[in-house]
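Chains as they are written, first to last, in our numbering: chain A, 1 to 60; chain B, 61 to 281; chain C, 282 to 523.
What the hints contain is simulated information worked out from the structure, not anything from laboratory work.
Keep in mind that this is a model prediction, so the values were computed, not measured.
Take these hints with a grain of salt, some might be off.
Stated by the list, open to error - Sample of chain C residues lacking proximity to chain A, with all beta carbon distances greater than 12 Å (derived): (1) R364; (2) A406; (3) L419; (4) P478.
As the list claims (entries may be wrong) - Covered stretches of chain C, going by a simulated chain A footprint (3 or more residues, C-beta under 8 Å): (5) 329-337; (6) 377-389; (7) 504-511.
Claimed, not checked - The following label-pair restraints were derived from C-beta to C-beta distances: (8) Q521/C x T144/B: 27 to 33 Å; (9) P302/C x T144/B: 48 to 54 Å; (10) F270/B x I517/C: 29 to 35 Å; (11) V24/A x L296/C: 23 to 29 Å.
Yeah, the Cβ is synthetic: ideal placement off N, Cα and C, and Gly gets one too.
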Amino acid sequence: MDLTAPHDGFVYAAYGLSFVVLAVTIALNARRAQVTARRLAELEGRHVPRRRATPRSVSA
Amino acid sequence: MKVLAALVRRDLTLALRQGTGAGTALGFFLTVMVLIPLGIGPDQALLQRIAPGALWIALLLSVLLSSDRIFQADFEDGSLELMTMGPAALEIVVTMKGLAHWLTTGLPLAIAAPLLGFLLNLDAALIGPLVLAMGLGSVALSLLASLGAAVTVGIRRGGLLVSLLILPLYVPVVIFGVAASGGAGGVNIAGPSLMILAAIALVALVTVPFAAAAALRAYLH
Amino acid sequence: MKIEKYANPARFLALQERMQPWLTGSAAFIIAIGLYLGLVVAPPDYQQGETVRIMFIHVPSAWNAMMIYTSMALCSIIAIVLRHPLADMAAKAAAPFGAVFAFLALATGSLWGKPMWGTWWVWDARLTSTFVLFLLYLGYIAVWQAIEEPRRAAAIARIVAIVGFINVPIIKFSVDWWNSLHQGESIFRAGGPTIYPTILWPLLVMGLGYTVMFFALEFSALRTEVLARRIRQMEIAEAQGS
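Build out the structure end to end from the sequences listed, making use of the hints.
Here is the structure:
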């Protein structure tokens with residue numbers, strides 16, 4: 001691949017942008033997963049029940 | 061049948077009494093059509109070329125901006141909930157409300173369009189196709205606007221959401237509407253475009269009531 | 282794989298835990314191969330020079346953007362008809378990724394278009410419908426943000442997904458009614474692909490890599506959605522208990 005071809009700025013920009021955007025997406029996704037897991041562990045540590053103690057009334 | 065007429069008459073009466081809907085839409089329409097030549101400049105040839113497109117855009121925005129009142133008042137005071145228990149199916153109610161909105165907003169604007177078109181030096185030969193296309197297209201515009209209103213009826217400040225959802229649906233209406241009005245491509249494609257516009261209006265008439273009713277039901281329960 | 286078997290969220294979580302490393306790993310691996318093929322092996326185009334390499338990230342992004350919205354519409358239909366508990370969550374999880382790929386398709390396409398046709402943008406069928414697709418993604422995401430009650434949000438979101446899906450081919454058709462500047466179909470044609478194998482292979486590999494990458498992200502995000510729902514239930518139970 002010719003690293004200094006004409007219009008190569010466009011190629012660098014396109015690949016660079018894609019890389020950055022996808023990296024940020026992956027990072028945000030991972031962070032959200034981490035936060036969720038931590039919150040769940042915290043709630044389970046407190047032995048919070050997942051279902052209500054009294055059953056819900058039937059709704060339409 | 062009497063129920064359907066009653067539904068439409070109710071909305072028409074309310075609109076005429078409150079006078080907000082059609083007046084606002086017409087005022088907005090007028091404002092846009094006056095500002096465009098002021099903003100673009102006095103080049104008459106240029107104005108004539110963009111006249112059909114500009115009129116369609118003004119029509120579209122006017123219909124969209126006046127659409128939030130289609131369900132809002134009835135939703136807030138509980139009438140909508142009562143209507144779901146009434147003799148007519150919610151889908152019919154939605155259709156009639158959309159129709160009433162068209163009669164008070166879409167249709168009057170479509171008729172007024174040629175008059176305002178003179179502000180843009182509209183080619184006189186295009187008046188006929190324009191009125192026909194707008195009369196037909198405004199049906200689709202009103203119905204789609206009612207879909208946007210139904211989807212956002214329970215959301216505060218749902219304006220941006222309505223735009224995001226409904227403007228994409230308006231794209232084909234505008235494209236075929238302008239083509240049917242004889243703009244951008246001449247009279248050759250006006251005929252087929254008008255047919256496609258009619259098809260879009262029919263499809264909207266058949267599908268929007270179900271989607272809008274489903275959305276309303278989500279908010280009413 | 283029987284989809285019904287994994288309707289149970291707990292079973293999905295078990296499946297996800299087993300599959301996630303494989304999905305992530307193979308995505309990275311396939312994309313690495315694709316990048317090697319596209320950037321090192323493939324020769325520059327006779328007419329376009331090096332800029333043809335943008336195709337290897339532009340087209341897979343566009344494919345993903347369309348595929349993801351299609352799957353969101355399918356999930357919404359499944360949610361309505363079969364009442365599958367994971368369907369709404371799968372669509373909700375997928376939307377942000379779809380928006381990202383739609384944005385990348387538009388941005389890389391613009392960067393490819395400028396050197397190739399001398400313009401950043403043109404309102405032809407493909408570009409217009411991709412832009413509208415991006416707006417539809419934003420609208421779908423906004424529905425989930427704007428409505429607090431999850432079941433109501435799901436009901437509205439399904440409608441948006443399905444109506445939006447019908448609209449995309451309509452827009453493509455209606456804008457195609459006008460002149461089109463964008464390249465015509467060169468892969469899915471009756472006579473087979475018309476582009477050279479040296480360009481085709483990197484493209485297909487990157488396409489596969491991007492698809493697997495989406496599945497890796499989707500599995501992870503769906504897991505997060507399932508756990509988030511669990512958290513919400515526990516928070517409600519805790520608030521009622523105390």
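With respect to the beta-carbon atoms only, verify the hint that Q521/C and T144/B lie 27 to 33 Å apart.
With a Cβ separation near 30 Å, Q521/C and T144/B satisfy 27 to 33 Å, so the hint holds.
- Just tell me: holds or violated, for the beta carbon distance of F270/B and I517/C against 29 to 35 Å? 33 Å, holds
task = Between the stretch 377-389 of chain C and chain A, see if three or more residues pass the 8 Å beta-carbon test, and mark the coverage as holds or violated.
result = Answer holds; 7 residues pass the 8 Å Cβ test.
* Asked: At a Cβ distance under 8 Å, does chain A reach at least three residues of the stretch 329-337 of chain C?
  -> Three-residue rule met by the stretch 329-337 of chain C, so holds; n is 5.
| query | Since R364/C was said not to touch the interface, does its Cβ keep a gap of more than 12 Å from each Cβ of chain A? | reply | At about 16 Å from chain A, R364/C clears the 12 Å cut-off, so the statement holds.
### Task
Go check the stretch 504-511 of chain C versus chain A for me, would you? Three or more residues, Cβ under 8 Å, otherwise it fails.
holds (count 5)
Note whether the CB distance of V24/A and L296/C lies within 23 to 29 Å or breaks it. Hint holds: Cβ distance 27 Å, inside 23 to 29 Å.
- For P478/C, which was marked as not at the interface, is the minimum beta-carbon distance to chain A over 12 Å? The assertion about P478/C holds, with a minimum of 18 Å to chain A.
* Asked: How does the Cβ-Cβ distance of P302/C and T144/B compare with 48 to 54 Å: does it lie in that range?
  -> Check passed, 50 Å falls within 48 to 54 Å.
Item checked: Distal placement of A406/C relative to chain A, Cβ over 12 Å -> Its Cβ never comes within 12 Å of chain A, the nearest being 22 Å, so this holds.
Original post:
Looking at L419/C again, its CB stays over 12 Å from all of chain A?
Top reply: The claim stands: L419/C keeps its Cβ more than 12 Å from every Cβ of chain A (closest is about 15 Å).
The structure agrees with every numbered hint stated previously.
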